[in-house]
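Generate the whole structure from the sequences, applying the supplied hints.
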Amino acid sequence: MSTARKKSPKNEATRRGVGSSRTARPRPRSGARNDGEAEDKHRHELLAAMLLIRRFEERCVELYSASAIRGFVHLYIGEEAVAVGVTQALEPADAVVSTYREHGHALARGVPAEAVLAEMYGKVSGCSRGRGGSMHLFDAGRRFYGGNAIVGGGLPVAAGLALAEKLRDTTNVVCCFFGDGAFAEGEFHETANLAALWNLPLLLACENNRYAMGTPLTAEHAQTDLAMRASSYGMPAWAVDGMDVLAVEQAARRAVDGIRAGHGPHFLELRTYRFRAHSMYDPDRYRDKAEIERWRTRDPLTVLGTLMRTLGELHDEEYADMERDAAEAVARAESFAEEALLEPTADLLRFVHSEDQVARHGDDNGHQQQAEHGDDVPGGVA
Amino acid sequence: MREALTADDRVFLMGEDVGKYGGAFGVSLGLLEEFGPERIRDTPLSEAAFVGAGIGAAIAGLRPIVEVMTVNFSLLALDQVLNNAATLLHMSGGQVSVPIVLRMTTGAGRQLAAQHSHSLEGWYAHIPGIRVLAPATPADARDMLAPALADPDPVVIFEHGSLYNTSSDLSATHHRRADIFSAAVRRQGDDVSLITYGGSLPKALAAADRLAADRVSAEVIDLRSLRPLDDATIMASVRHTNHVVVVDEGWRTGSLAAEISARICEQAFYELDAPVERVCSAEVPIPYARHMEEAALPSTGNIVRAALRTVGRNG
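Protein chains in written order, with the numbering used here: chain S, 829 to 1210; chain L, 3 to 317.
It is possible that some hints are incorrect.
Chain L side only, calculated, beta carbon under 7 Å to chain S, not exhaustive [to be verified]:
#1 Ser48
#2 Gly56
#3 Ala62
#4 Gln82
Quick list of simulated restraints, FRET-style, between CB atoms [stated by the list, open to error]:
#5 L/Gln269 to S/Gly1062: 51 to 59 Å
#6 S/Thr1046 to L/Ser184: 55 to 63 Å
#7 L/Glu296 to S/Thr1173: 49 to 57 Å
#8 L/Gln269 to S/Ala1050: 55 to 63 Å
Calculated directly from the structure, the hints in this document are not laboratory data.
Glycine included, C-beta positions come from ideal geometry on N, C-alpha and C.
Structural data, given as structure tokens:
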């Protein structure tokens, strides 16, 4: 491997978030051979992106234990191939609606790690001004529409975003992440039917991690073949190995191509597994440790890393560089979050209604004081 | 709605049977032919999905008018209204606004029994982040829509089922955008304030007529906006009459009438010459049989009696 790659754009991409590296990329083929420098480089980007999410969340665990982060924190560890793989198929103009387990989705879409961690610290520089926390990451500029913590609640909204694209006659796609738990909600079935009926440009990305909090798939679904059930709504649907980022990317590209070609919603069942408990509160008593260990052998970092080593395109030194880049990115995010300011409590009532309306008519508490706040980042106390 | 659809191509209507059927109550008759199925969009019976889809379309910059057939059915979409429409702007730190207009029928009086007749405006008015309107006249039903669509935030409009068949010559009325933040004094009076909204307004006006025959001069306030409430108009009336009857078709416990009474106690307690009276629905699911339904609802007679009590006359 050329040493030039060490300082190749892949490292830049890692620093800026994965979203910045989504241009002009050839598609990987399954059963990849050593198939050229572009694909080699792309696999490095995928690995670096997954590694950043992994190290970011591992640090979140420590910061949670240190009480720097509070509330519910749902870790994505083990599922990184899904976020990184699916988002490869998306363009910046596409929209994403996510769940409460969305650190990986946000980072993969290019939301800066600084803004994500500051949000978890509850700081005004967080991507939702500290009002959402871990479960409600927003970045409207990147068309990242949360962060929905009502299981299934993001699905109808995603259908509406897709309806707007259809009515405007664009080729943009809306991607909605949700889980096997949401598949049991009426909102999923209503949305799947509506999206198929109206031929909406919607990618339904079902992260089947086999547990709805503590309830195993077999105890929540009479028929556990979710892709087969989704296909009953008259949309293309297939199951994918969610631990293999290349397989996820390939499936997502196929689905997104179909959606952009006007063939309506597509459903992907991404079979994956979370290595950690449901949330930081979860003692994880419902899973056999041996089961977790079995799945760990399918760790998406290992799956891709092993392939790359087999192909002779990943060396220890390079991997160490990748680790160092991820560690530096997490450290930068942490310093940023530590130093960021808190939103002044005087701003509590801001954004209940849009600011121009409040300026004109006052807020529901009979106050009209909000009008003077025009700046994005008001001063606060650290 | 026709005017709104003509004026702004971002506006579209969707809901159950709004197209071919013309709306369950005939409200959108003829719009499908005029604007086509993309903009007059029939939906499946999936309240959560199509209300949520309206929210998503609004986030994307369109101006959806979403019709839910009745307030009772809207409970199937309450997750979307509360957890998304009302919440996203604040929770996202001001990034995601939701300019949706949600219309629904409310109220009793048509013998539709307990799953089509309730008045849950108070539940919606409890929620920060949405505006709640209750037009009580044909002019308001028309003129509130344009400002509701112009609002960058969610607006819920409650149309009382008993008012759909009232009519007035709208072409003769002064045509303008309604002020959707203020209450209206529908009748001026000196002795008692009858504070009400929506389907109870005709009853309150009828009660004022009967009170006049008893030489009690009643002022009738039509709230029009249930969130925010127009405290200034309410308190001005209280200061003038010193006696109050609040008429609200919702159940008494935890009602809008309770909220209004509390605000009067907070802001105008020393202006009162008597306790605030409330005329609300009986605390039962609304029954089918006409006489039982009538017994459950605020009536002109109840309002008159409450007014006479509060002014110290035992009618």
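Please write out, lowest number first, the hints stated earlier that are contradicted by the structure.
none
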